[in-house]
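Going by the UniProt record's numbering, the sequence shown opens with residue 1, and the numbers climb by one from there.
Hints were generated in silico from the structure; no laboratory data involved.
For clarity, every value in this text was computed on a predicted model and none was experimentally measured.
A few of these clues could be false.
Said to hold, decoys possible - Here are the simulated DSS-like cross-link-like pairs (lysine-lysine), alpha carbons at most 25 Å apart as the crow flies:
id	residue 1	residue 2
1	Lys528	Lys442
2	Lys161	Lys359
3	Lys10	Lys35
4	Lys161	Lys316
5	Lys442	Lys155
6	Lys17	Lys72
Said to hold, decoys possible - Restraint-style ranges between C-beta atoms, simulated for each label pair:
id	residue 1	residue 2	range
7	Pro478	Trp591	37 to 45 Å
8	Arg711	Glu512	53 to 61 Å
9	Gln317	Gly646	47 to 55 Å
10	Asn530	Ala62	54 to 62 Å
11	Ile577	Leu662	24 to 32 Å
12	Val497	Ile325	26 to 34 Å
13	Trp591	Asn720	36 to 44 Å
14	Pro134	His334	19 to 27 Å
15	Asn720	Gly659	15 to 23 Å
16	Ser439	Met535	37 to 45 Å
17	Leu538	Ala612	16 to 24 Å
Think of the CB as a built atom: it goes at the ideal place given N, C-alpha and C, for glycine as much as any other residue.
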Amino acid sequence: MQYLYVLVVKAKDLPGKDVTGSCDPYVEVKLGNYKGVTKHFEKKSNPEWNQVFGFSKERIQASILEVFVKDKDVVVDDLIGRVVFDVNEIPKRVPPDSPLAPQWYRLEDRKGNKPKGELMLAVWMGTQADEAFPDAWHSDAASVGPDGVTNIRSKVYLSPKLWYVRVNVIEAQDLVPSDKGRFPEVFVKAVLRNQALRTRISPSKTINPMWNEDLMFVVAEPFEEPLFLSVEDRVGSNKDETLGKCVIPLQVVQRRLDHKPVNSRWHNLEKHVIVDGEKKEMKFASRIHLRICLEGGYHVLDESTHCSSDLRPTAKQLWRPNIGILELGILSAHGLMPMKTKDGRGTTDAYCVAKYGQKWIRTRTIVDNFMPRWNEQYTWEVFDPCTVITIGVFDNGHIHGGAGGAKDARIGKVRIRLSTLEANRVYTHSYPLLVLHSSGVKKTGEVQLAVRFTCSTLINMLHMYSHPLLPKMHYIHPLSVIQLDSLRHQAVQMVSVRLSRAEPPLRKEVVEYILDVDSHMWSMRRSKANFFRIMGVLSGLIAVGKWFDQICNWRNPITTILIHILFIILVLYPELILPTVFLYLFLIGIWNYRWRPLHPPHMDTRVSHAVAAHPDELDEEFDTFPTSRPSDIIRMRYDRLRSIGGRVQTVIGDLATQGERLQSLLSWRDPRATTLFVTFCLIAAIVLYVTPFQVVALLIGLYALRHPRFRHKLPSVPLNFFRRLPARSDSML
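Let the hints inform the model, and build the full structure from the sequences given.
In structure tokens, the structure reads:
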């Protein structure tokens, strides 16, 4: 996309227009109906602006570019002078050419006379690749005020570097409780920023308690706040007494890259006591034994592991070399829906955000356009092909002086898994933008993207498939699911707070939408979708079972006879079984190659079970936590949940019953059944010892494939025997 750039540098020797002989100058750049204005200076004849203006060539309808220098006045601004350019004569610049050097131009009035004063300008025709583009005022945003310009610019952000902090609380010594006549119930409380954790109450109820318990926190560089630890005694219900405190700055904490334990240290506990009405500090009253480290061998999860864009450990020393480059071209969008109302009509101010690894990008905002064109390109280093890039489209709600509570509305989101892309191929495709509201799913438009994954070495990339998905510390010292959920929540909060403080800010609602912060919340729709996904996975096994049933029932005699012949061959030559299975899988894979996906998959309303979702289920999904709905609706939803829970409970009970029947085969709970089974096992052992295995396999197979004439509809003897075995369900209340 081509742009006409005007760099306004400075002016000198401007004549005074006021009664006092001074001037308040500013510059107005005008091209047809588009007009850009610099800020004005009070009483300054040699001002400096250093401001760039960009005019999209697609929208240029004038043949003359005018640059005015005016004097700011209360009633009417006075013209100091102007410079005029013929658009057709403006030079072109293509990077990597050096920037065009600004030149001095004599100002002239409307009659062509050249009064006192000069203006330094640079005017050229360039593209988006020009280094002046990101900071330029764009004609696309002519309706945006000076305060809103910063909110429409493109920007690259970096997530803060996150660490896990492991606090191993070992023991404390020489505690001084206020009531020495009771056994102290001591625990340790640790606070880091807005995270607060505590150990269990020490089982050794003495003044030298022991815990040996780990507390895990998330912290972001730079380490601005210390870790606060306090040892507290539970003296009553909801009443704790502080026995000592200590403050540990994270800058001095040891960094651990592997599973080897770090050195432990004793820390003195400080305690304030009241003496004669004054607060005094008692030092070295007691001490606590800690082992604290910053864990560099973990990857701090701020995304769901199923759609993570980065799986590297925190410590840079443990990173493997990159395996390729990901290039993303955000081209355009079309068919966008109006997201807000301005001057009585619908409008949309769209921008895109993409996140991969620690790097976030934000395109410029295209103001008041339902078919915006960005044509912006970005690149990322790729360290693992089994990662996902997320692209979201949003409506900018802060460029027209949006109120403090205004939010950037979601237009839609696209995820692309790199492992689904062929190397060195450019995928240019339009992806539907789908948003789920409490009223249902809506298509808000389409976004066109160009994606290319360039692989540096194919061997390294294929070798990545043999490595564990997460760093090895996740497997050597795994964190619990509850810990990971809590730590991920804290990590998302830190990332959103840090990025919202940038300029222009990447707002909290944008970061949380890209990171899928609410993916763990209960949703009836999502539960149904997961159930149907499981059924889709099992459908292949069900289809094989139906096919085998047809073979056993001789629905197609020719196929059944062929299966008999194949079965006899495999029994006589068992060394052919595994080669046959793998050859069959190979042929299926080659056959399916013709129907391989030609484009990366996108958000699917059918898989998400979004179209068939009941309105009340969607209302429940978008409810706050804790709930804000009336009591009668909550009662209805609770009863529905109880009904679903009852069915799940029944299925789990049936599974437990089958397992207990297996256990009862040898438990002598039913002495007659166990006697029969033990006798059968003895006879089977003797028969199988004296009979070749191939003969046994052949007889079992032919019996299973026997003709329907030799079958009857009653259950088999083994099944009848199994169903009669006892379970512990009759012992339940």
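Do the hints match the structure? See the list:
Taking the CA atoms of Lys528 and Lys442, the gap is near 19 Å; set against the 25 Å cutoff, the hint holds. As the CA atoms of Lys161 and Lys359 are separated by approximately 11 Å, the hinted pair is consistent with the 25 Å bound. Among the hinted pairs, Lys10 with Lys35 is consistent with the structure: their alpha-carbon atoms are about 19 Å apart, no more than 25 Å. For the proposed pair Lys161 and Lys316, the alpha carbon gap of about 10 Å is at most 25 Å, so the pair holds.
Between the alpha carbons of Lys442 and Lys155 the distance comes to roughly 29 Å, so the proposed pair goes past 25 Å and is violated. Distance hint between Lys17 and Lys72 is fulfilled; the C-alpha atoms sit about 10 Å from each other, no more than 25 Å. Judged by the Cβ atoms, the range 37 to 45 Å given for Pro478 and Trp591 holds: they are separated by roughly 40 Å. Distance hint for Arg711 and Glu512: a CB-CB separation of about 60 Å, consistent with the stated range 53 to 61 Å.
At about 53 Å, the beta-carbon gap between Gln317 and Gly646 stays in the expected band of 47 to 55 Å. Checking the proposed 54 to 62 Å range against Asn530 and Ala62 shows it holds: the Cβ atoms sit about 59 Å from each other. Between Ile577 and Leu662, the C-beta spacing of about 27 Å keeps the proposed range 24 to 32 Å intact. Restraint check, Val497 to Ile325: a C-beta distance of roughly 31 Å satisfies the suggested window 26 to 34 Å.
Evaluation of the 36 to 44 Å hint for Trp591 and Asn720 yields a pass: the beta carbon distance comes to about 42 Å. Taken as a hint, the range 19 to 27 Å holds for the pair Pro134 and His334, whose Cβ atoms sit roughly 25 Å apart. Distance hint for Asn720 and Gly659: a CB-CB separation of about 19 Å, consistent with the stated range 15 to 23 Å. Checking the proposed 37 to 45 Å range against Ser439 and Met535 shows it is violated: the Cβ atoms sit about 28 Å from each other.
In this structure the hint that Leu538 and Ala612 lie 16 to 24 Å apart at CB holds, the actual value being about 20 Å.
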